[in-house]
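The lines below spell out each chain.
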Amino acid sequence: MLDSSPVGNFHPADAPGYASILQCMRCGFCLAVCPTYILTNRERSSPRGRAALARAVAEGKMEFTPAVGEEAFFCLDCKACSTACPSGVRVGTIMEFCRSQEQRFHPPSLPAGILRDFILKRMLPSPALMETSMLPLRLYQRLGLQWAVRRLGINRFLPGALAKMEGILPNLGRPLRPEIPETIPAGGARRGRVAFFLGCAMNLVFPEVSRQTARILSHQGFEVVTPKEAKCCGAPHLAEGDRESARRLALINLDLFSRMDADYIVTDCAGCGCALKEYEELLEGRADREALRLFRAKIRDVSEFLAEVGVRSEDLRPVPMSVTYHEPCHLVHGQGLSGPPRQVISSIPGIELREMKESNWCCGMAGSFALKELETSRRLLERKLGHVRETGADALVTANPGCHLQLAWGIREMGMKQPVLHIVELMGRALPE
Amino acid sequence: MLSKTIIDHLIKKVGARNVYHEKEDLLVYSYDATPEIQALPDVAVFPENMEGLQAALSVSREEGLPVTPRGAATGISGGSIPAKGGMVIGLTRMNRILEIDEENLTATAEAGVITIDLFNAVAAKGLFYPPDPGSQNVSTLGGNVAENAGGLRGLKYGVTRNYVMGLNGLLYDGTEFRTGGKCVKDVAGYSLRDLLVGSEGTLGIITEVTVRLISPPQDKRTLLAYFRDIRTAGEAVSRIIAARIIPATLEIMDRTTINCVEDYAGIGLPRQMAALLLIEVDGHPAAVAEEAEGVRKVLEEVRADEIHEAKDAQEAERFASARRTALSAVARVSPTTILEDATVPRSRLAETFAEIERLKEKYQVRVATYGHAGDGNLHPTAVADERNRQEIENVHAFFSELYEKVLSMGGTVSGEHGIGMAKKGYLLRQLGEGGMGVMHRIKKSFDPDGRLNPGKIFGDGPPPSTVRIQGEKHA
Chain A
238 MLDSSPVGNF HPADAPGYAS ILQCMRCGFC LAVCPTYILT NRERSSPRGR
288 AALARAVAEG KMEFTPAVGE EAFFCLDCKA CSTACPSGVR VGTIMEFCRS
338 QEQRFHPPSL PAGILRDFIL KRMLPSPALM ETSMLPLRLY QRLGLQWAVR
388 RLGINRFLPG ALAKMEGILP NLGRPLRPEI PETIPAGGAR RGRVAFFLGC
438 AMNLVFPEVS RQTARILSHQ GFEVVTPKEA KCCGAPHLAE GDRESARRLA
488 LINLDLFSRM DADYIVTDCA GCGCALKEYE ELLEGRADRE ALRLFRAKIR
538 DVSEFLAEVG VRSEDLRPVP MSVTYHEPCH LVHGQGLSGP PRQVISSIPG
588 IELREMKESN WCCGMAGSFA LKELETSRRL LERKLGHVRE TGADALVTAN
638 PGCHLQLAWG IREMGMKQPV LHIVELMGRA LPE
Chain B
472 MLSKTIIDHL IKKVGARNVY HEKEDLLVYS YDATPEIQAL PDVAVFPENM
522 EGLQAALSVS REEGLPVTPR GAATGISGGS IPAKGGMVIG LTRMNRILEI
572 DEENLTATAE AGVITIDLFN AVAAKGLFYP PDPGSQNVST LGGNVAENAG
622 GLRGLKYGVT RNYVMGLNGL LYDGTEFRTG GKCVKDVAGY SLRDLLVGSE
672 GTLGIITEVT VRLISPPQDK RTLLAYFRDI RTAGEAVSRI IAARIIPATL
722 EIMDRTTINC VEDYAGIGLP RQMAALLLIE VDGHPAAVAE EAEGVRKVLE
772 EVRADEIHEA KDAQEAERFA SARRTALSAV ARVSPTTILE DATVPRSRLA
822 ETFAEIERLK EKYQVRVATY GHAGDGNLHP TAVADERNRQ EIENVHAFFS
872 ELYEKVLSMG GTVSGEHGIG MAKKGYLLRQ LGEGGMGVMH RIKKSFDPDG
922 RLNPGKIFGD GPPPSTVRIQ GEKHA
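Line order of the protein sequences matches chains A and B.
Each residue of the first sequence is one higher than the one before, counting from 238 in the working numbering.
Each residue of the second sequence is one higher than the one before, counting from 472 in the working numbering.
A hint or two may mislead.
Said to hold, decoys possible - List of simulated lysine-lysine pairs, DSBU-like, C-alpha gap at most 35 Å:
#1 B:Lys782 / B:Lys691
#2 A:Lys594 / B:Lys596
#3 B:Lys895 / B:Lys876
#4 B:Lys653 / A:Lys594
#5 B:Lys596 / B:Lys895
#6 A:Lys594 / B:Lys895
#7 B:Lys627 / B:Lys768
#8 A:Lys298 / B:Lys653
#9 B:Lys596 / A:Lys654
#10 A:Lys594 / B:Lys914
#11 B:Lys656 / B:Lys627
#12 B:Lys483 / B:Lys494
#13 B:Lys915 / B:Lys876
#14 A:Lys401 / A:Lys514
#15 A:Lys298 / B:Lys555
#16 B:Lys833 / B:Lys895
#17 B:Lys782 / B:Lys627
#18 A:Lys298 / B:Lys484
#19 B:Lys475 / A:Lys298
#20 B:Lys691 / B:Lys596
#21 B:Lys782 / A:Lys298
#22 A:Lys298 / A:Lys535
#23 B:Lys627 / B:Lys914
#24 B:Lys876 / A:Lys298
#25 A:Lys298 / A:Lys401
#26 B:Lys876 / B:Lys653
#27 B:Lys484 / B:Lys915
#28 A:Lys594 / A:Lys514
#29 B:Lys483 / B:Lys833
#30 B:Lys484 / B:Lys914
#31 B:Lys914 / B:Lys494
#32 B:Lys833 / A:Lys594
#33 A:Lys401 / A:Lys594
Claimed, not checked - With the Cβ distance kept under 10 Å, some of the chain B side facing chain A (calculated, not the full set):
#34 Ser501
#35 Ala544
#36 Ile547
#37 Ile571
#38 Tyr661
#39 Arg860
Please keep in mind that the hints were generated in silico from the structure rather than gathered at the bench.
C-beta: ideal position from N, C-alpha, C; glycine also.
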């Protein structure tokens, strides 16, 4: 899928592969699952339409127009179309390439560009700088607020976005990275050694969630090693179209984790897991193929990992409550993980899992989308929370920091009562003290 | 390009959010699911109601624009491609289910309703709308009617036509028509309804459809059989039918398809087998038990190499998954997927498979064949790369000769996909001058100036293969 003869009107650096675009046979099966198409009923805002636009640019039939760039960013990159596609087209990925093209063809205004570069090239690659920077900036990276800022110069940064930015921030605790022990011993009979990939958003925004992850892994019989030098996974850079920085970070992480003697590399962030699993593709031809293969073979989302090794549940305490599960796009569509999270939830004694409608639909967060497309994001969120309400469940469970923020914000806004919990938080309640 | 005055006029009549005229929008209304064919419209309009539709048609008439009706554009014969430019009229925003009439067992819906939404809405009331084209999750009811779409249940339950009771819509000149209705019997005049079903948007624009509903089957049994020789599979199909058993599903996959599915999904299909038959019988539990037994007996008589019967719903699901995965598995093999629908009397199935194998060899093409064996409707699917012109030409030559053979066996060049632009060249061979002449006259009486979906069904000119982006005025 990586050969790419006609680059046509694309910029030669980081153009989407022509074969990957040609693979679309236009059957339209994606139209049934694409949130932006269903909300707009406009073909150009569908995966099939976006692939057709990319194809026209690649074949030199159309310039890379501002509208193509707009569609690249209007795409949620929720990857629901990849799940639905019979012929294996990944329009989300094609759009990531188009985002990088957009940066070349229609670069951001000067002040916004400087700020974007600072965030993507300086702050994100440096955990220390991130942890000491100001609060809004801490969040900035994982929420993908850069998009909004990028548009500062041209009036897209609306008061509504500012208000939402303000409202969506939880009270931040202390970052987890400086506090978490480098090595946590295995509890009970030892089953192996895992490297914990602590994502930026988890570290800064949900340190208590990741603390539970480490605690559970240890309780389940695994020695947990958390390398302090780990870098951002590169997902925000890919989403923002900065593939060069993403590759730089990926190379550092690949090297770091390859040198660790771990059986698995586990993350509790669906977005990170998805990006880590794509290193093979991102670094093709730039890193040792065998090293990439070994790295890829070890990556697990925490629920994928627990389902695979089997939850040791002898001493779990019952957690008597009903929950419903929102599937993060980067877990269900990005990594094809739909069963394992449910398996883990159901393995907790006392839990009743109530399925909601459209559980695998995007919640409207989608990185920067939640702030740049306020209206569409709100419609997706309301649709989602309507389904949550129908289940009457006591709590809403998910597995990704972006979804977590958006859902918790929506629940507050709509005056609902359900707490939003990461799967590991739920499971943490079942662990003995 | 249309003048700004015309666009502004359309916007005033139909609303700005329902009129698209920028090149990026026009580009994405230039195609449907048919490979290799594209043509740009000058404008795309999505009316929300009859007034909007009338207004759009009236602008078309004033400007002499061709009009191409469009549903979800999932067709694979080019029916919704604006071959001569002009106006695309999308019906997807007229999408209300108007009524489910439990006393008359009918449902009435606007043309833009998605097939599966109608299915689910009637299922919620314990009723059943059987037509299930492969694109049912996205296709529209209006599109299904215009193309007379089929599906997996065609053998026992029939195709879209068998469920259409009434149609409303507009002709190009603005005349509103209503034909058929809720009456089970209705012989008042010519059946315009039956003429419009499968007319591919060349006679009128369908806006509202009344369909017949039935009770869903209460029980189902699923069998799976493998054959080392595809002729034995063909014989099994003929004998099942001859035993007066009409399964709800009687699907076949050839060796190439089996191997594609195995490469893709790795579900443990025996690669050495030449064919697989998936058989589902449904209905009243007593009848189902008897029919399943009958099917098993036939399979044993013809000495199928392996016979499996699903013990529970889960296993039935697993059996069906191979067939359901077929398109995905085949489509992944290469960039260009050319899905055809050669259809023969079902007694000639084995012969058709033999011919497909011979022609694959002759033209050196990669073709996986699967389909609805029970109704003789096969989907030979060529996998190719449109950048390789020689390969594409070979594929076309392959299909041309295959259709010769299909016609000589009393078959048809299209079982369920329609003629559109892709098969115009074959139609004359099947219908002859006489048949084509009558169809011409019918077309003229509905649309004298030939403005409604021109370039479809009639004539055998080459399809437009290149897209014009900077819209120059059309001839």
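To see whether the hints hold, each was checked on the structure:
1. Using a Cα cut-off of 35 Å, the hinted pair Lys782 of chain B and Lys691 of chain B holds, with the two alpha carbons roughly 11 Å apart.
2. Our distance criterion of 35 Å between C-alpha atoms is met by Lys594 of chain A and Lys596 of chain B, whose separation comes to about 19 Å.
3. A hinted pair counts as satisfied when its Cα atoms are at most 35 Å apart, and Lys895 of chain B with Lys876 of chain B qualifies at roughly 17 Å.
4. Proximity of Lys653 of chain B to Lys594 of chain A is assessed by CA-CA distance (about 34 Å); at most 35 Å being required, the pair is judged to hold.
5. For the hint linking Lys596 of chain B to Lys895 of chain B, the alpha-carbon distance of about 42 Å lies beyond 35 Å, and the restraint is violated.
6. With a CA separation close to 44 Å, the supplied pair Lys594 of chain A and Lys895 of chain B exceeds the 35 Å bound.
7. Among the hinted pairs, Lys627 of chain B with Lys768 of chain B is consistent with the structure: their alpha-carbon atoms are about 20 Å apart, no more than 35 Å.
8. Taken as a hint, the Lys298 of chain A and Lys653 of chain B pair is broken in the structure, with Cα atoms around 50 Å apart against an allowance of 35 Å.
9. A C-alpha spacing of about 33 Å is found between Lys596 of chain B and Lys654 of chain A, which places the hinted pair at or below 35 Å, so the restraint holds.
10. Our distance criterion of 35 Å between C-alpha atoms is broken by Lys594 of chain A and Lys914 of chain B, whose separation comes to about 46 Å.
11. For the hint linking Lys656 of chain B to Lys627 of chain B, the alpha-carbon distance of about 22 Å falls within 35 Å, and the restraint holds.
12. For the proposed pair Lys483 of chain B and Lys494 of chain B, the alpha carbon gap of about 20 Å is at most 35 Å, so the pair holds.
13. With a CA separation close to 32 Å, the supplied pair Lys915 of chain B and Lys876 of chain B stays within the 35 Å bound.
14. Our distance criterion of 35 Å between C-alpha atoms is met by Lys401 of chain A and Lys514 of chain A, whose separation comes to about 31 Å.
15. The straight-line distance between the Cα atoms of Lys298 of chain A and Lys555 of chain B is roughly 19 Å, inside the 35 Å bound, and the hint therefore holds.
16. For the suggested pair Lys833 of chain B and Lys895 of chain B, the alpha carbons sit about 24 Å apart, so the restraint of at most 35 Å is met.
17. A hinted pair counts as satisfied when its Cα atoms are at most 35 Å apart, and Lys782 of chain B with Lys627 of chain B qualifies at roughly 23 Å.
18. At roughly 32 Å between alpha-carbon atoms, Lys298 of chain A and Lys484 of chain B fall within 35 Å of each other, so this suggested pair holds.
19. For the suggested pair Lys475 of chain B and Lys298 of chain A, the alpha carbons sit about 24 Å apart, so the restraint of at most 35 Å is met.
20. Proximity of Lys691 of chain B to Lys596 of chain B is assessed by CA-CA distance (about 20 Å); at most 35 Å being required, the pair is judged to hold.
21. Taking the CA atoms of Lys782 of chain B and Lys298 of chain A, the gap is near 55 Å; set against the 35 Å cutoff, the hint is violated.
22. The straight-line distance between the Cα atoms of Lys298 of chain A and Lys535 of chain A is roughly 43 Å, outside the 35 Å bound, and the hint therefore fails.
23. For the suggested pair Lys627 of chain B and Lys914 of chain B, the alpha carbons sit about 32 Å apart, so the restraint of at most 35 Å is met.
24. Using a Cα cut-off of 35 Å, the hinted pair Lys876 of chain B and Lys298 of chain A is violated, with the two alpha carbons roughly 39 Å apart.
25. With a C-alpha separation of about 40 Å, the suggested pairing of Lys298 of chain A with Lys401 of chain A is violated against the 35 Å cut-off.
26. Simply put, Lys876 of chain B and Lys653 of chain B have alpha-carbon atoms about 41 Å apart, too far for the 35 Å limit, and the pair is violated.
27. Distance hint between Lys484 of chain B and Lys915 of chain B is fulfilled; the C-alpha atoms sit about 29 Å from each other, no more than 35 Å.
28. Between Lys594 of chain A and Lys514 of chain A the CA atoms are separated by roughly 28 Å; this keeps the pair inside 35 Å, and the hint holds.
29. For a cut-off of 35 Å, the pair hint linking Lys483 of chain B to Lys833 of chain B is broken: about 58 Å separates their Cα positions.
30. Straight-line distance between C-alpha atoms of Lys484 of chain B and Lys914 of chain B comes to about 29 Å, which keeps the hinted pair within the 35 Å bound.
31. The straight-line distance between the Cα atoms of Lys914 of chain B and Lys494 of chain B is roughly 32 Å, inside the 35 Å bound, and the hint therefore holds.
32. For the proposed pair Lys833 of chain B and Lys594 of chain A, the alpha carbon gap of about 51 Å is over 35 Å, so the pair is violated.
33. For the hint linking Lys401 of chain A to Lys594 of chain A, the alpha-carbon distance of about 26 Å falls within 35 Å, and the restraint holds.
34. Here the hint on Ser501 of chain B is kept, as its CB sits about 8 Å from the closest CB of chain A, short of 10 Å.
35. Look at Ala544 of chain B: its Cβ gets to within about 6 Å of chain A, closer than 10 Å, so that hint holds up.
36. Interface hint at Ile547 of chain B: satisfied, since its Cβ lies 8 Å from the closest Cβ of chain A, which is below the 10 Å cut-off.
37. With 10 Å as the threshold, the beta carbon of Ile571 of chain B stays out of range of chain A, its nearest partner Cβ sitting at about 20 Å, so the hint is violated.
38. Restraint check, Tyr661 of chain B versus chain A: the minimum CB separation of about 34 Å is more than 10 Å; hint violated.
39. With a cut of 10 Å, the hint placing Arg860 of chain B at the interface with chain A is violated, because the nearest CB-to-CB distance is about 14 Å.
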